[in-house]
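Chemist: Next come the chains, spelled out residue by residue.
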Amino acid sequence: MRDPAAGRSAWAAQANADTRDEGATLTYEGPHPFGGETLHRWRLGNGLTVLVLVDVTAPIVAYYTWINVGSRHERPGKTGLAHLFEHLMFGETEKLGAGAFDRKLEEIGAETNAATWVDWTYYHELIPADRIKLTIKLEAERLERLVLKEPQVASEKDVVANERRYRVDDDVEGFASELLYKTAFELHPYHWPTIGWMDDIRGFTPEDCVAFYRTYYAPNNATLVVVGHVRERDILLAIRDAYGRIPRQTVPAEDVAPEPTQLSQRQLSIRKPTTSEKLAVAFKGPALGDADHAALTVLSEVLFGGRASRLYRSLVVERELALDVRGWVSTFRDPGLFECWTTARASHTAAEILPVLDEAFERARMDLVGEEELARAQARLELGAVQQLETMSGKAEQIGFFETVLGDPTHAFHRVQAFRRTTAGDLRRVARRYLLHSARTVLTVVPETGPAPAGAAQ
Amino acid sequence: MKAARGLAAAPLRFELDGGALALLEPSHDVPLVSLVLALRCGSAADPSDRSGLARITMRMLRRGCEGMSAEQTDFRIDALGAEMAVDASPSTVAIHAQVISRNLDAFVDLLVRMLGSPAFHDAELGKLKRESVAEIVEARDSDRVVAHKAMQRTFFAGHPYGQNPGGTTGSVEAIDRDDVVAFHRRYLVKGNVVIAFAGDVTPERAPVLARRLVDALASGDAAPDSVPEPRSPPGRRLLVVDKPERTQTQILVGTMGTSPHDDDHVPLLVSSAIFGGTFTSRLMREVRSKRGWSYGASARAGTDRRRQAWIMWTFPAAQDAAPCLALSLELLETWIASGVTPRETSFIRNYLVRSHAFDVDTAAKRMSQALDVELLSLPADYFTGWVDKVRTVTAESATAAVKNRIRTDSLLAVVVGTASEVLEPLRAAVPRLDEASVVPFDAE
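In order, the protein sequences belong to chains A and B. For the record, in the first sequence the residue sitting at position 360 is 390 according to this note's numbering, with numbers rising by one throughout. For the record, in the second sequence the residue sitting at position 199 is 267 according to this note's numbering, with numbers rising by one throughout.
Bound conformation, chain A alone (with noise of 0.2 Å):
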């Protein structure tokens, strides 16, 4: 049988032949089994990773730029830079004037937009398959050669003012995962919310803006991945022509102190002006790449996974204390945290609800469960695989979220074998190890007529 592995390296070899830039060489890297597919590693002499899954059955070609940075490369005073940074992709470049990217996507009828969280920022760009060079040539532009200046950055900072007060200031959940966060973590970067404090977005300079750039956007920082109707080979030497001059740079080793073991439970209260309290339970939780975080996600979704979980049946159904319970565990590099959220009725407050909380962690951690619950759990983790599949998009996100979190670009199978291979005696550990009294932080929110809270923090 011909080995696709030797055929791809020897059309590398050839390719490579007519280039003079070492960084614009192509090494094949290897397959990865995609499902049924395959998904290929390529990358140029930058040290930029290609990852290219061929999929024919849609004229569209799914395009992600994943960078390897986000808040938890930011420094106390400088929050929000990551964020901030990736508005500013989309401004003027030394050969494009301001809107002009935009606009050019746009005229090709390509989907364009951009993430950043704690662990890394995303570009992506949804694209009619006959255009895909143009965006090729457009994102290497704007890794390469962004212009920085002040009335842009102004601009922007106001709009991310603005979006901070959309998502977090006058948003009760928003403002309260925001304080969440920064009383669970008090050291490790986690500490501080994606889109920043309002007093650092103001803050920000040109000059921080540049800085940020040249450390961070470098190919060999970054990952691109592309998931669609294209000739692997076509876009790789399209990749190469456009990629292959920009140079690569020393990005800073990781500075990022591990949050020290909480000994107790922290516990707050605040007033907003809702309807309803609201309860948090937080709970320091497995790194993504823990091999407990599958079975503490099984667990979750026991607990609070859908109208049959124990708690929404507990606490929606039967006693109609709660509106609603969601509860998932945090999908970051380092230990973030497993969440638990209420909304209490209105007759209802959060302090008759945590005790049914309480009640469901010492059970989990106490007795088995069931053969049924746990299938049930495994068969809601299953569909919400594939159906994060089903797009070009969503492969390509998957793609890029857990090669540049995990190194393993295919890791959204082995999860859901994980999932699967997951027994009871695993939960009744995980919730052992990870349900403690001591690791978590509360929070509560009431309405601002109600009742005061007993130890408002604010």
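Watch out, some of these pointers could steer you wrong.
Per label pair, the in silico range of CB-to-CB distance [what the hints assert, rightly or not]: (1) Ala394/B <-> Thr57/A: 55 to 61 Å; (2) Gly238/B <-> Glu478/A: 20 to 26 Å; (3) Met396/A <-> Gly135/B: 29 to 35 Å; (4) Gly238/B <-> His467/A: 39 to 45 Å; (5) Gly135/B <-> Asp160/A: 54 to 60 Å; (6) Ala153/B <-> Asp51/A: 32 to 38 Å; (7) Ala40/A <-> Ala153/B: 47 to 53 Å; (8) Arg254/B <-> Ser377/A: 30 to 36 Å; (9) Ala184/A <-> Arg411/B: 28 to 34 Å; (10) Arg81/B <-> Gln297/A: 57 to 63 Å; (11) Val421/B <-> Asp320/A: 47 to 53 Å; (12) Arg411/B <-> Lys125/A: 34 to 40 Å; (13) Arg411/B <-> Arg50/A: 37 to 43 Å; (14) Gln417/A <-> Arg279/B: 23 to 29 Å.
Derived pair list, reagent style BS3-like, types lysine-lysine, alpha-carbon separation capped at 30 Å [stated by the list, open to error]: (15) Lys125/A <-> Lys457/B; (16) Lys457/B <-> Lys302/A; (17) Lys195/B <-> Lys167/A; (18) Lys179/A <-> Lys125/A; (19) Lys108/A <-> Lys163/A; (20) Lys187/A <-> Lys125/A; (21) Lys302/A <-> Lys212/A; (22) Lys134/A <-> Lys433/B; (23) Lys179/A <-> Lys358/B; (24) Lys358/B <-> Lys471/B; (25) Lys179/A <-> Lys163/A; (26) Lys433/B <-> Lys163/A; (27) Lys197/B <-> Lys302/A; (28) Lys471/B <-> Lys163/A; (29) Lys187/A <-> Lys302/A; (30) Lys134/A <-> Lys195/B; (31) Lys358/B <-> Lys187/A; (32) Lys108/A <-> Lys314/A; (33) Lys433/B <-> Lys457/B; (34) Lys163/A <-> Lys134/A; (35) Lys108/A <-> Lys195/B; (36) Lys471/B <-> Lys134/A; (37) Lys457/B <-> Lys134/A; (38) Lys108/A <-> Lys179/A; (39) Lys163/A <-> Lys125/A.
Rather than coming from a laboratory, the hints here were simulated on the basis of the structure. Keep in mind it's a predicted model, so treat the numbers as computed, not measured. We treat Cβ as the ideally placed atom computed from N, Cα and C, and that holds for glycine.
Put chain B on the given structure of chain A with help from the hints.
Modeler: Just chain B now, with coordinates in the frame of chain A:
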């Protein structure tokens, strides 16, 4: 490697007994099936003092049936790797489900039981009503939702489109078992349902499964379409929805829009896209890119069986609310007076034609379009002919459509903000204002 397929093909149609219709968009890319069971009527059919009835009735289906309690039903749905939700709009109410394809038959069996022998227990109805009321109250935390609800009930006051599909606290509390049984008996009938499958199911299997679902229903005709054409409310009005401690405002400006049967429907949509439909639109450029006033800015014309509202949306900081509203209105006046340019029209035609691929790139999206044609009584070629119609739009036809349809003498601005801070500046920002009023954010 998977085979390439054309995306423009119409879905497979199956005419079933009693006037029921089934649609299929097959795709075997992932082991997943989307299933929609929709009625040819929605919240516009709710009695005015029972708004929310269509949605409540459909939500009651999973809350107990012959031989199964609500709890058992919920557990079974999850265990099959399925999820199920109800969505209601003025013209349709539907069950939307997704299921891992290996369990499709078992899921359809479950749905047959829910449809054919719902228990409608009083106790479960009481629980659902209390849950629904709590949801309505909780939604007041979202300024965006508050703004849209205020626009809908004020702009379409007295018309069925003014009724919220989820109802009000009062209307939901008024619903009783007899209402639910009557709705089920009248509307959950063969002639009033459309069933659609998308995804990993074959053309041989889909009609068999659809027939099983239809056989669970009683015979009956499609609901009559008796919703009158809405009329433009007169005057230029400002409604401030008062909410304490807002650092930001939500601003909606609405006027009467377009009907899918208008000759100039597509030219109006094209012109609206130039005005506020993309990241580089006029509205976005002036409000966000140049001034940084709002994180987002957009304008769009709604589509329904009858004429819907044309609405533009911004959300500036409280101190920028008045200048932002003034600028938005100025841009609106300029758009109507001067129209759009050939260059703008050429640009947006390219965008709309080329981005059409993303409207049809999955089976579920193609199914959704086919369902809209059926349920909203759209012209048969509404989506399949979209690209060709867009290509024929000129600057002249786009300009004429705006002049013909968009009126600024009949206009409603809804602003969610802290009235004591924003009312007077906003009042001054609207030229020729006929009426300004303030309502609390928990008004229904």
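Chemist: If a hint holds in the structure, say so; if it doesn't, say that too.
Modeler: Right, here's what the structure says about each hint:
1. Ala394/B <-> Thr57/A: 55 to 61 Å: 58 Å, holds
2. Gly238/B <-> Glu478/A: 20 to 26 Å: With a Cβ separation near 25 Å, glycine 238/B and glutamate 478/A satisfy 20 to 26 Å, so the hint holds.
3. Met396/A <-> Gly135/B: 29 to 35 Å: 34 Å Cβ-Cβ, so the 29 to 35 Å window holds.
4. Gly238/B <-> His467/A: 39 to 45 Å: 43 Å, holds
5. Gly135/B <-> Asp160/A: 54 to 60 Å: Taking Cβ atoms as reference, glycine 135/B and aspartate 160/A lie about 55 Å apart, which means the hint holds.
6. Ala153/B <-> Asp51/A: 32 to 38 Å: Violated - the Cβ-Cβ distance for alanine 153/B and aspartate 51/A, about 54 Å, lies outside 32 to 38 Å.
7. Ala40/A <-> Ala153/B: 47 to 53 Å: 52 Å, holds
8. Arg254/B <-> Ser377/A: 30 to 36 Å: 35 Å, holds
9. Ala184/A <-> Arg411/B: 28 to 34 Å: Check passed, 29 Å falls within 28 to 34 Å.
10. Arg81/B <-> Gln297/A: 57 to 63 Å: With Cβ atoms ~59 Å apart, the hint holds.
11. Val421/B <-> Asp320/A: 47 to 53 Å: 48 Å, holds
12. Arg411/B <-> Lys125/A: 34 to 40 Å: Cβ of arginine 411/B to Cβ of lysine 125/A: about 21 Å, so the range 34 to 40 Å is violated.
13. Arg411/B <-> Arg50/A: 37 to 43 Å: 42 Å, holds
14. Gln417/A <-> Arg279/B: 23 to 29 Å: 27 Å, holds
15. Lys125/A <-> Lys457/B: 35 Å, violated
16. Lys457/B <-> Lys302/A: 50 Å, violated
17. Lys195/B <-> Lys167/A: At roughly 57 Å apart (the allowed maximum being 30 Å), lysine 167/A and lysine 195/B break the hint.
18. Lys179/A <-> Lys125/A: Holds, at roughly 15 Å.
19. Lys108/A <-> Lys163/A: Answer violated: lysine 108/A to lysine 163/A is near 36 Å, above 30 Å.
20. Lys187/A <-> Lys125/A: Between lysine 187/A and lysine 125/A the Cα gap is close to 23 Å, so the pair holds against 30 Å.
21. Lys302/A <-> Lys212/A: 18 Å, holds
22. Lys134/A <-> Lys433/B: 26 Å, holds
23. Lys179/A <-> Lys358/B: 14 Å, holds
24. Lys358/B <-> Lys471/B: Holds, because 27 Å separates the two Cα atoms, which is no more than 30 Å.
25. Lys179/A <-> Lys163/A: Holds: lysine 179/A and lysine 163/A sit about 28 Å apart, inside 30 Å.
26. Lys433/B <-> Lys163/A: 26 Å, holds
27. Lys197/B <-> Lys302/A: Measuring from Cα to Cα gives roughly 26 Å; hence the hint holds.
28. Lys471/B <-> Lys163/A: 39 Å, violated
29. Lys187/A <-> Lys302/A: Roughly 26 Å between the alpha carbons, so the hint for lysine 187/A and lysine 302/A holds.
30. Lys134/A <-> Lys195/B: 53 Å, violated
31. Lys358/B <-> Lys187/A: Holds, because 12 Å separates the two Cα atoms, which is no more than 30 Å.
32. Lys108/A <-> Lys314/A: 26 Å, holds
33. Lys433/B <-> Lys457/B: Roughly 20 Å between the alpha carbons, so the hint for lysine 433/B and lysine 457/B holds.
34. Lys163/A <-> Lys134/A: 12 Å, holds
35. Lys108/A <-> Lys195/B: 49 Å, violated
36. Lys471/B <-> Lys134/A: 29 Å, holds
37. Lys457/B <-> Lys134/A: Cα-Cα ~23 Å, so holds.
38. Lys108/A <-> Lys179/A: 18 Å, holds
39. Lys163/A <-> Lys125/A: 17 Å, holds
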